[in-house]
Amino acid sequence: MTAATLEIPRGRALRTRVSGDDLVKRGLMVVISLYLLVALAAPLYVLLSKSVSTYEFDLTAFELQRSDESATTWSEPKTVATLNEEVGSVITPDQLNTGSDGRLSLTDLYPDFSFRSPVMYRIRGTSDDAAYLVGSELHRGTEWLELDSNTFRRVVIRPSASLGLDNFVAYFSTPALAQSIANSVLMGVISTVLVISIAFGLAYALNRSCMPLKGFFRLVTTIPILVPSLLPGIALVYLFGNQGLLKGLMMGHSIYGPIGIVIGSVFFTLPHALLIISTALSVADQRHYEAAQSLRSSPWRTFWTVTVPGARYGIISAAFVVFTLVITDFGLPKVIGGQYNVLAVDIYKQVIGQQNFEMGAVVAVLLLVPAVAAFFVDSAIRKRQVALLSARSVPYQPKPDRGFDTACFVYCSAVALFILMMIGVCQFAATVKFWPYDLTPSLNNFRFDLMDGGGWGAYYNSIVMALLTAVFGTIIVFVGAYMVEKTDGFAAGRTLFQFLAMLPMAVPGMVLGLSFIFFFNDPANPFNAIYGTMAILVVSTVTHFYTVSHLTALTALNQMDREFEPVAASLKQPFHRLFFRVTVPVSLPAILDISIYLFVNAMTTVSAVVFLYSTQTQLASVAVLNMDDAGDIAPAAAMGMMIFYTNVAARLLHGIVSRLLLKRSQAWRQR
Amino acid sequence: MGNTIMTTYRAAALAAFATALSASAAFAQTELTVYTSIEAVDLDRYKQTFEAANPDIKVNWVRDSTGVMTAKLLAEKDNPQADVVWGVAATSLLLLKSEGMLEPYAPAGVEKLDPKFVDSSTPPSWVGMDAYVAALCYNTIEAEKLGLTPPKSWKDLTKPEYKGHVVMPNPNSSGTGFLDVSAWIQMFGEDDAWAFMDGLHENIAAYTHSGSKPCKMAAAGETVIGVSFEFPGANAKKAGAPIDIIFPEEGSGWEAEATAIIAGTANLEAAQKLVDWSITKEANEMYNVGYAVVAYPGIAKPVEHLPEDIPSKMIENDFEWAANNRKAILAEWQKRYDAKSEPKG
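From first to last, the protein sequence lines stand for chains A and B.
Per the working numbering, the first sequence starts with residue 1, numbered consecutively.
Per the working numbering, the second sequence starts with residue 1, numbered consecutively.
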């Protein structure tokens, strides 16, 4: 027999078919990726390029000539560099590195310089870019400029831009700035450990006990998210400041500094951590606990082998969220930090105080480090995360236990008391005439039109901005999370998307705002038109708060078994039917949480929008900052309380809507 | 007869109506985007007074603190959004001038102003409105509790009795803070000034980010002495704060609030009209409501709670020197005092 007869005809090459559904999913993912690229990556790139743009004096860029005393004979034109060599480098190489605002005087080049002498000077650039000042008048170019001695005294040359890591070197060699890194990390670690412990306890009590007043505690523990992060700072001043109500509790320590930063950070990050851990704890499989019980495992052992591992992903996510929130928040340390320097306030000082955008960008780069770490840790853990809610799961229902429920109740009450006290003192200070000398009730502090910050108009703008952010943000975030979670294959695209979605958490709002200016205010940018409008505020806010919303959506989606998709596909159901009939209803609690999260954060955010608002779009939260900055602390507290009332109203509305919707769509969770 | 009166009335009414019509048609209003750092209380008053005098121009304010405003203007360098800056520190305007961002313009009547309120170039790039002058806010109630005596001079502030009771603005984030430091160097000379600040630093409880905050902290009893300027002091006193406003005897640094046209504005004519009006006697009388010192000589009336002789306390302030040495001074200040990371008790 010949070999040919043995051969089986080749079949078609095997290839995973990309269905129409997959194409649509990938398309949507690309659209949302593009959004994140334009609203985050590109502006950030522009800003980062600032961090490596250095300024140095180019001594070869200027030529000088000098006359004799009769002002008739002129010396040969020489560059500043040559002159400097001739007089033995009076301008040292150290002096050449500078910032964008650097100025260098030239009179030292002439040891016999006297401003009274009749000697004349000429200066010009060797290129069109060379810039120098006479007094404060800007000159450029290669035309000779003739000056008398007294005017030449006022000549300073300006640096030219180049690329390099000099800014980083300068940053680390300034002890005050380098110390901020240690301070920030310390604050972040202490606050994170405290917040995660407290939040886990709360989440556990809320999800796994049968204590009374759960709804009340749920409401109270979300209070901190309803106010700008400056407000706990203001509250701490009123409680523990030099005129504070509870000053005695400080035992001589000052609230201005690390103590204030930690207490305030615990207050304002608690709801963020609680949202994530609670989502992780809210879904559990009853069968695991039944199995533990039948194996006679002690409750303690069950806790460590079933409960904690189940919530592990949430805990670690929450830890990174809290850590980055603490080190990137600038409102709180600005109000209560005293002389304790932290990175976020450094950005503020560099950018606002010294208009040193390059150095601000350097600090921004440093703040990116924890986020990159978070991304890698996060993805490592996600690989090991097992879906808790499979198609066969039995939802966990807590059973009453008197001792345990009482302990939970006492614990939650203590936390609630702390939160209510912080808010209460602001409420009190906002409604008295002149703290602490005249405590008669008065609404003077609510006359915002007489203060900095845009008055009542700013307040109404904030509401519009928050509504737009909630609607568009929720759609973008949830669709994005679904596509990245439930798309098969396309690994590179999903990893990139995941990275983009994690990035906003690490980008301090102030840096985001600044990068938006640089990116969107460039006339060559096709998106230039949104600069100065409400749209840029909404885009920056959605982007700024993308990560937590994304993680919330992912946590919810993660808990849905991936079997749903193949089952739907095998039944020839298009993915959008599954999405709208199963995924969205099952994830409804998370979706509602995301929208309210975006709304309240849009109401409270300061740092991202402080550079982006315009005449027509001033915001309430920025007004709080500006009023506190100007020392009008009581009106700042009053505006903070207005934001609080609004968010409470929104939260109540959210509660009612949730209850109605959940009754319809979540009945399957009950037995 | 009656008929004639009716006719006259009707004619008058018609004429008035026609005028109103043509007025609204002819004055297709020019809108000016005006960046400012003036106190929020004054925004509406300034706008209304100006628009009453110039009905064809509408002012759209963008207000923020001096530091934020300067940062915003510099960030928008290549695509300016503002037409005019009206009420921003002269030192900041010098910074913009050295970036070539200001349109030089000599407003009508500029020669009537006190020359120290006008940019030295011809034509000037900025013209001044009024000045705020460094002063101490001293809380008498808290001082009494602690048994302190009021300071008379800057040098008094280094006395050990004030340890932990002085708050001043950080020059790295506050224009007022920088004006204090630059004034001390100009008054005492470089070496003495730094020696003085070394001593002062020992007594400082906190460096704030804004210039008015130290005074408001003193007003609220959070500190005893706030190094600030006179305007918030007068306001706090009006609101009932137990403070004295002290002008140190060596003299006080000051800063001019000034007006300038942003180069490249599409509304140059309207911008010039605004600058013209900003230096009129009428405008200066308007500034005088809050500010004791204004650019137009001889018209200032005393402001409640402030002494009449403030101009005599103002030092000869060299804005150009301050702008050109700002970076070096701030770096030195930061090296000396900002390295302290621990809070003071």
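Each hint should be verified, as a subset may be incorrect.
[Stated by the list, open to error] The calculated label-pair distances, taken between Cβ atoms and stated as ranges, are:
#1 M534(A) to D191(B): 51 to 59 Å
#2 V87(A) to N79(B): 21 to 29 Å
#3 N60(B) to L443(A): 55 to 63 Å
#4 I475(A) to W321(B): 55 to 63 Å
To be clear, the hints were calculated from the coordinates, so they are not data collected in a lab.
Glycine included, every Cβ here is placed at the ideal spot set by N, Cα and C.
Status of the hints after comparison with the structure:
no., hint, result
1, M534(A) to D191(B): 51 to 59 Å, "holds, 54 Å"
2, V87(A) to N79(B): 21 to 29 Å, "violated, 42 Å"
3, N60(B) to L443(A): 55 to 63 Å, "violated, 29 Å"
4, I475(A) to W321(B): 55 to 63 Å, "holds, 56 Å"
Checked against the numbered hints above, the structure violates hints 2 and 3; every other hint is satisfied.
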